[in-house]
Amino acid sequence: MSADPEPTSAVIVDDHVAVAAGVRYWCEQAVPPVRLVDAAGALADVWTGPGADADVVVLDLELVPGNPEFGELRRLVDSGRRVVVYSQHVDNATAIKCIELGALAYLTKREGAEHLVPAIRAAAEGLPYTGPSLSGALAADDTSTRPQLSPREMQVLRAWFASSSKELVAAKLNITVKTVDTYITRVRVKYANVGRPARTKSELVGRALDDGLLTLAELNSAAAPTPRERRRS
Amino acid sequence: MSGDAAEELARSQLLRGLRIATLLVAAVIALALGGSHLVRSLDVHDHVLVQVTSFVMLGAVLAGEAALLVLRRPWGRLRRPAIAVVLAASVLSSVTLPDGQTSTTVDWMFGAANFVGLVVLLDRPLRIVGAFLATHELIAVLNLVLLHDVTRDALLRLATGSVNVIGVPLCVAVGASAVRGIHAAALASRQEIERVRTREAVAAEAHRRRQHRFAEIAATSVPLLEGLADGSLPPDRPDVQRRCAVEAARMRRLFAESDTVENPLLHELRHCADLADRKGVVVEFDARGHWPTPPLAVRRELTDAALTALATAASWARVTVVGDADLVSVSVVADCGDVEVHDPASADVRVETFATDDMMWIEARWQPARQGTPSRR
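From first to last, the protein sequence lines are chains A and B. Every letter in the first sequence is one number past the one before it in the working numbering, and letter 195, counting from 1, is 195. Every letter in the second sequence is one number past the one before it in the working numbering, and letter 189, counting from 1, is 189.
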């Protein structure tokens with residue numbers, strides 16, 4: 001999809017040296033490779049120096065144990081950075097909160113190169129990436145502010161979570177892999193359209209409308225499920 | 001428990017009988033006999049009012065015992081004052097005796113206060129009764145030595161009188177003490193019997209539960225074990241190895257079922273997955289959402305297909321649970337061969353399988369019967 005000769009670049013903020021080294025290895029092995037800047041756990045390096053120019057920020061949510069960096073995530077998203085959250089947290093609430101704050105992807109550290117590299121590539125283009133664990137979190141989301149999802153969308157989310165293989169999901173549900181992706185992206189667009197506005201989220205919604213992934217009417221019905229919701233935004 | 005209560009009741013009824021009998025004896029001896037001696041010797045006494053007062057004091061203590069008997073209460077905190085009253089009456093009556101009348105029928109108190117004191121102290125240990133009787137005797141001795149002429153006659157009267165005054169109440173006290181001892185022993189042995197019965201009941205229940213659980217694996221595990229034992233199922237055959245793996249997982253699940261955990265479904269699935277993990281199969285395990293705890297039978301059906309797939313997986317398996325109040329779905333994707341899936345017995349559970357060339361995907365879904373919990377969607 002990308003026509004530019006410049007390789008995708010990403011900056012990783014993670015205080016675990018082994019994680020940073022592992023991600024660097026995955027990025028170098030990727031075809032085409034991803035250029036990785038290691039901010040070595042220092043958030044300042046994301047804003048200045050080579051890290052400031054990186055297309056994607058790979059953020060460890062818990063640089064200080066027990067204190068997730070939601071504020072930093074919000075600042076990054078508000079200044080238009082494309083963020084992939086890479087976290088050891090596996091609970092639903094954290095995953096959904098990151099998505100609501102405008103992260104383009106949320107991956108748990110159990111998910112390896114097969115999800116992180118595609119997530120970085122998608123984020124570099126301003127597209128969301130939904131890994132199986134985030135898919136499960138969205139399928140099990142029972143907060144009152146969740147957007148309305150169609151039964152088919154729920155089915156795809158569950159199947160992607162269960163199998164972690166889009167080919168299997170497609171084969172089981174008798175659809176193409178592209179359609180599987182479409183359903184998942186539609187869910188993400190619906191999520192992007194609720195909650196607080198963020199630059200990457202509005203870009204995402206605009207893009208989904210441009211591509212005809214969703215119609216304005218669908219978006220409105222998905223975005224206004226409850227009166228409480230309106231008060232919140 | 002009820003045995004203890006019945007025993008206590010019987011014990012208190014028996015001791016109550018003893019109390020009533022002692023009270024009657026004391027009333028006859030102290031009030032009737034002592035009273036008649038007092039009345040007949042009124043003209044001999046120098047201090048009639050004091051004698052009558054001490055008689056009333058004894059009468060009051062016996063009336064107190066009668067009242068407590070009706071109320072079915074022990075003396076408790078009133079015991080010391082009551083004994084003080086009895087001893088005071090004994091002292092009052094003794095020191096106001098006319099000269100040379102110690103241990104005669106005029107000294108009515110000598111043979112009366114001892115029984116009244118016994119009534120008050122009947123349920124106390126023997127040494128307390130002994131101490132009281134000794135005090136009573138000491139009053140009589142001191143009275144004789146200090147206030148009267150110590151004659152040979154007086155000493156003889158004291159000696160012969162003391163045999164009755166101390167001996168009879170002491171005999172009654174010994175009898176009461178023996179009865180109490182027997183009942184304490186009976187109570188202890190009854191409690192021991194109860195304990196043994198409880199232990200037996202617990203053991204029987206544990207055995208019954210084990211039998212029940214054994215029956216659950218007997219249908220599948222026992223033929224396999226018998227086959228292994230008689231050689232009809234050689235362990236080097238792949239299908240036999242498969243059956244062994246499945247049975248081992250089934251047993252692990254059975255053991256996990258009796259654990260008290262917050263989320264039994266996940267707990268049991270983890271045990272199923274653990275076995276695959278030990279075989280070197282890479283198991284990914286993930287669960288999302290909150291769901292009501294399924295009943296044991298449903299949990300078995302939800303985990304059964306997963307168990308088989310996990311036990312026979314070659315190198316990789318992904319186990320996931322996703323659920324909410326309306327639907328719980330357990331999925332296993334694994335590189336196992338064809339897995340035969342039994343139709344679930346419960347109408348609420350559905351099992352679907354999907355196979356590709358190298359992967360098997362088994363999904364078991366449970367839709368809890370409507371219990372009035374409104375769906376959020």
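Rather than coming from a laboratory, the hints here were simulated on the basis of the structure. Mixed in with the good hints there might be a few duds.
[Unchecked claim] Looking from chain B toward chain A, a few residues come up when the C-beta cut is under 8 Å (computed): (1) Pro264; (2) Arg270; (3) Val333.
[To be verified] Chain A residues, not near chain B, derived (Cβ > 12 Å throughout): (4) Ala20; (5) Pro32; (6) Ala40; (7) Ala44; (8) Thr48; (9) Gly49; (10) Leu63; (11) Glu72; (12) Asp91; (13) Arg110; (14) Gly136; (15) Asp142; (16) Ala162; (17) Glu167; (18) Leu209.
Every value quoted in this text rests on a predicted model; they were computed, and no experiment measured them. Heads up, the beta-carbon is just placed ideally off N, CA and C, and yes, glycines get one too.
Query raised in the report: Any of the earlier hints contradicted here, and which numbers?
Result: 1, 2, 12, 13, 14, 15, 16 and 17
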